Amino acid sequence: MTEQRNPQAKLPPTEAIETLSALPGGTWFEYPVRAHPHHTDYAGIVWHGTYLTWMEEARVESLRAIGINFADLVNLGCDLPVVELSVRYHKPMQMGMDAVVRTRMTQMDGVRLNWEYQIRSVATGELFLTGLVTLVAVDRDKGKIMRRLPPAFQDALVKLSRE
Numbered sequence: 001m002t003e004q005r006n007p008q009a010k011l012p013p014t015e016a017i018e019t020l021s022a023l024p025g026g027t028w029f030e031y032p033v034r035a036h037p038h039h040t041d042y043a044g045i046v047w048h049g050t051y052l053t054w055m056e057e058a059r060v061e062s063l064r065a066i067g068i069n070f071a072d073l074v075n076l077g078c079d080l081p082v083v084e085l086s087v088r089y090h091k092p093m094q095m096g097m098d099a100v101v102r103t104r105m106t107q108m109d110g111v112r113l114n115w116e117y118q119i120r121s122v123a124t125g126e127l128f129l130t131g132l133v134t135l136v137a138v139d140r141d142k143g144k145i146m147r148r149l150p151p152a153f154q155d156a157l158v159k160l161s162r163e
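In UniProt numbering, the protein residues as written are 1 to 163.
None of these hints come from the bench; they were simulated from the model.
Note that this is a predicted model, so its numbers are computed, not measured.
Every residue gets a Cβ at the ideal spot worked out from N, C-alpha and C, and that includes glycine.
Take the hints with a grain of salt, since some may be wrong.
Stated by the list, open to error - Derived lysine to aspartate or glutamate pairs resembling DMTMM-like cross-links, with alpha carbons at most 20 Å apart:
#, residue 1, residue 2
1, K91, E116
2, K144, D98
3, K91, D139
4, K91, D155
5, K142, D79
6, K142, D72
7, K144, D41
8, K144, E57
To be verified - Label pairs and their in silico Cβ distance ranges:
#, residue 1, residue 2, range
9, H36, K142, 37 to 45 Å
10, G143, E84, 13 to 21 Å
11, N114, E57, 15 to 23 Å
12, D139, N69, 39 to 47 Å
13, T134, H90, 18 to 26 Å
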């Protein structure tokens with residue numbers, strides 16, 4: 001089956017970025033999570049891969065919060081795979097706990113995008129995890145690193161990285 005791109009797909013104007021500074025936490029985007037049984041091992045401790053899923057969800061939702069739908073970016077033929085990941089586990093999170101995943105883009109270097117993460121307890125503020133992720137823009141059709149980001153996306157991210 002041939003995948004069809006939407007030639008009319010567009011990203012929103014960069015004015016949508018203005019809403020980020022109004023989000024709780026300033027330049028950090030906050031994404032609430034709860035540790036359900038399927039997120040944990042047999043001891044009731046959150047499995048390490050669950051944190052990675054939450055980090056990606058927070059990143060995608062932070063873009064959506066400023067008007068950038070990841071599906072629209074994909075329809076433009078651009079994907080953002082993770083090429084580098086660093087995670088530090090500070091304290092185990094247990095089943096039933098509520099936490100907030102905080103994320104922000106810290107740097108944009110060409111088509112490399114660096115994101116920072118913290119996962120903290122809602123109840124106590126204790127730090128469960130810190131992380132850094134590097135994404136690279138890839139042309140989905142060619143399977144190669146792009147020379148440039150789609151212009152509307154790049155404009156939005158340039159402004160985001162300055163907040």
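Violated constraints from the hint list, given by number and in increasing order: Going through the list in order, the structure violates hints 2, 3, 4, 7, 8 and 12 and respects the others.
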